[in-house]
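**Student:** Taking the working numbering, the leading residue of the sequence shown gets 11, the next gets one more, and so forth.
The set of hints was computed from the structure by calculation and includes no laboratory data.
In this text, a Cβ means the ideal position worked out from N, Cα and C, and glycines have one as well.
It is possible that some hints are incorrect.
To be verified - Listed below are the simulated PhoX-like cross-link pairs for lysine-lysine, each with C-alpha atoms no more than 25 Å apart in a straight line:
{"#": "1", "residue 1": "K142", "residue 2": "K50"}
{"#": "2", "residue 1": "K142", "residue 2": "K40"}
{"#": "3", "residue 1": "K109", "residue 2": "K41"}
{"#": "4", "residue 1": "K38", "residue 2": "K142"}
{"#": "5", "residue 1": "K38", "residue 2": "K60"}
{"#": "6", "residue 1": "K67", "residue 2": "K40"}
{"#": "7", "residue 1": "K67", "residue 2": "K142"}
{"#": "8", "residue 1": "K63", "residue 2": "K109"}
{"#": "9", "residue 1": "K41", "residue 2": "K142"}
{"#": "10", "residue 1": "K60", "residue 2": "K142"}
{"#": "11", "residue 1": "K41", "residue 2": "K118"}
{"#": "12", "residue 1": "K67", "residue 2": "K118"}
{"#": "13", "residue 1": "K118", "residue 2": "K142"}
{"#": "14", "residue 1": "K118", "residue 2": "K50"}
{"#": "15", "residue 1": "K60", "residue 2": "K109"}
{"#": "16", "residue 1": "K38", "residue 2": "K118"}
{"#": "17", "residue 1": "K67", "residue 2": "K50"}
{"#": "18", "residue 1": "K50", "residue 2": "K40"}
{"#": "19", "residue 1": "K41", "residue 2": "K60"}
{"#": "20", "residue 1": "K109", "residue 2": "K142"}
{"#": "21", "residue 1": "K142", "residue 2": "K63"}
{"#": "22", "residue 1": "K40", "residue 2": "K109"}
{"#": "23", "residue 1": "K67", "residue 2": "K38"}
{"#": "24", "residue 1": "K38", "residue 2": "K109"}
{"#": "25", "residue 1": "K118", "residue 2": "K40"}
As the list claims (entries may be wrong) - Between beta-carbon pairs, the in silico distance windows are:
{"#": "26", "residue 1": "N136", "residue 2": "K38", "range": "16 to 26 Å"}
{"#": "27", "residue 1": "R62", "residue 2": "D110", "range": "23 to 33 Å"}
{"#": "28", "residue 1": "G74", "residue 2": "D110", "range": "25 to 35 Å"}
{"#": "29", "residue 1": "K63", "residue 2": "Y37", "range": "27 to 37 Å"}
{"#": "30", "residue 1": "P61", "residue 2": "E135", "range": "11 to 21 Å"}
{"#": "31", "residue 1": "N136", "residue 2": "C97", "range": "34 to 44 Å"}
{"#": "32", "residue 1": "I124", "residue 2": "G39", "range": "30 to 40 Å"}
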Amino acid sequence: MDKSIIMDKSDRSIQSPQKYRATECTYKGKKLVASQTIFKDEVIGYLSGKPRKHSTKISIYSGGIHVDPDNGFEYLNHSCDPNSRLCNGELIAILEIVKDQEITFNYKDNEPLISHPFRCLCGSENCLEVIK
Numbered sequence: 011m012d013k014s015i016i017m018d019k020s021d022r023s024i025q026s027p028q029k030y031r032a033t034e035c036t037y038k039g040k041k042l043v044a045s046q047t048i049f050k051d052e053v054i055g056y057l058s059g060k061p062r063k064h065s066t067k068i069s070i071y072s073g074g075i076h077v078d079p080d081n082g083f084e085y086l087n088h089s090c091d092p093n094s095r096l097c098n099g100e101l102i103a104i105l106e107i108v109k110d111q112e113i114t115f116n117y118k119d120n121e122p123l124i125s126h127p128f129r130c131l132c133g134s135e136n137c138l139e140v141i142k
């Protein structure tokens, strides 16, 4: 039996068209970008993947559990000035995100403890420089 979970209660098959896609990023590997304009307060997608007892390098903490995403959210990069937030498994735009713009969220808003501290490359005026 598949041990994957879907954080939302709706059927993933009705979540179309896909509002995001993974693309290459020269300094971060891959990144998630908008496939279309996404308006403020719009749901971008739902976290799904394998639940973990502890955090991993790619896990996302939401709804009281760590999840290793399997739906592209593994390419969500951190920003100290993000354009989305994750709330109970829903990725929601907090600003308008135009087509081909990177979708980011602030890891520190979700993670009770950053298990793999890193140097931030977001370039934001509010950049914390080290995320720990």
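**Student:** All the hints need checking, so say for each whether the structure fits it.
**Tutor:** To see whether the hints hold, each was checked on the structure:
1. Distance check on the hinted pair: K142 and K50 sit about 28 Å apart at the alpha-carbon level, beyond 25 Å; violated.
2. For the suggested pair K142 and K40, the alpha carbons sit about 21 Å apart, so the restraint of at most 25 Å is met.
3. Of the supplied pair hints, the one linking K109 and K41 holds, its CA atoms being roughly 14 Å apart against a limit of 25 Å.
4. Taking the CA atoms of K38 and K142, the gap is near 18 Å; set against the 25 Å cutoff, the hint holds.
5. Between K38 and K60 the CA atoms are separated by roughly 23 Å; this keeps the pair inside 25 Å, and the hint holds.
6. A C-alpha spacing of about 15 Å is found between K67 and K40, which places the hinted pair at or below 25 Å, so the restraint holds.
7. A distance of roughly 13 Å separates the Cα atoms of K67 and K142; the hinted pair therefore holds under the 25 Å criterion.
8. For the suggested pair K63 and K109, the alpha carbons sit about 35 Å apart, so the restraint of at most 25 Å is broken.
9. Proposed proximity of K41 and K142 is supported: the alpha carbons are some 21 Å apart, at most 25 Å.
10. Our distance criterion of 25 Å between C-alpha atoms is met by K60 and K142, whose separation comes to about 24 Å.
11. Using a Cα cut-off of 25 Å, the hinted pair K41 and K118 holds, with the two alpha carbons roughly 18 Å apart.
12. The hinted pair formed by K67 and K118 meets the criterion: a straight-line CA distance of about 14 Å does not exceed 25 Å.
13. Under the criterion of a C-alpha separation no larger than 25 Å, the hint pairing K118 with K142 is consistent with the structure, at around 8 Å.
14. Pair hint K118 plus K50 holds up; C-alpha atoms about 21 Å apart against a cutoff of 25 Å.
15. Note on K60 and K109: the hinted pairing is violated, with a Cα-Cα distance of about 29 Å set against a maximum of 25 Å.
16. With a C-alpha separation of about 18 Å, the suggested pairing of K38 with K118 holds against the 25 Å cut-off.
17. For the given pair, K67 sits about 29 Å from K50 by alpha-carbon distance, which is inconsistent with the 25 Å threshold.
18. This hinted pair checks out: K50 and K40 have alpha carbons roughly 24 Å apart, not beyond 25 Å.
19. As the CA atoms of K41 and K60 are separated by approximately 20 Å, the hinted pair is consistent with the 25 Å bound.
20. A threshold of 25 Å between alpha carbons decides the hint, and for K109 with K142 the separation of about 31 Å lies outside it, so the pair is violated.
21. Between K142 and K63 the alpha-carbon distance is near 20 Å, which keeps this suggested pair within the 25 Å criterion.
22. Distance hint between K40 and K109 is fulfilled; the C-alpha atoms sit about 17 Å from each other, no more than 25 Å.
23. A distance of roughly 14 Å separates the Cα atoms of K67 and K38; the hinted pair therefore holds under the 25 Å criterion.
24. Using a Cα cut-off of 25 Å, the hinted pair K38 and K109 holds, with the two alpha carbons roughly 20 Å apart.
25. In summary, the hint linking K118 to K40 is supported, as the alpha carbons are separated by about 20 Å, within the 25 Å threshold.
26. Checked against the hint of 16 to 26 Å, the pair N136 and K38 passes, with Cβ atoms roughly 19 Å apart.
27. For the pair R62 and D110, the supplied restraint of 23 to 33 Å holds, since their beta-carbon distance comes to about 31 Å.
28. One distance hint, 25 to 35 Å for the beta-carbon pair G74 and D110, holds here, with the actual separation near 34 Å.
29. Against the hinted window of 27 to 37 Å, the Cβ-Cβ separation of K63 and Y37 comes to about 32 Å, which satisfies the hint.
30. At about 36 Å, the CB distance of P61 to E135 disagrees with the hint of 11 to 21 Å.
31. For the hinted restraint 34 to 44 Å between N136 and C97, the CB-CB distance of approximately 21 Å leaves it violated.
32. Distance hint for I124 and G39: a CB-CB separation of about 18 Å, inconsistent with the stated range 30 to 40 Å.
In summary, the structure is inconsistent with hints 1, 8, 15, 17, 20, 30, 31 and 32 from the numbered list given earlier, while agreeing with the others.
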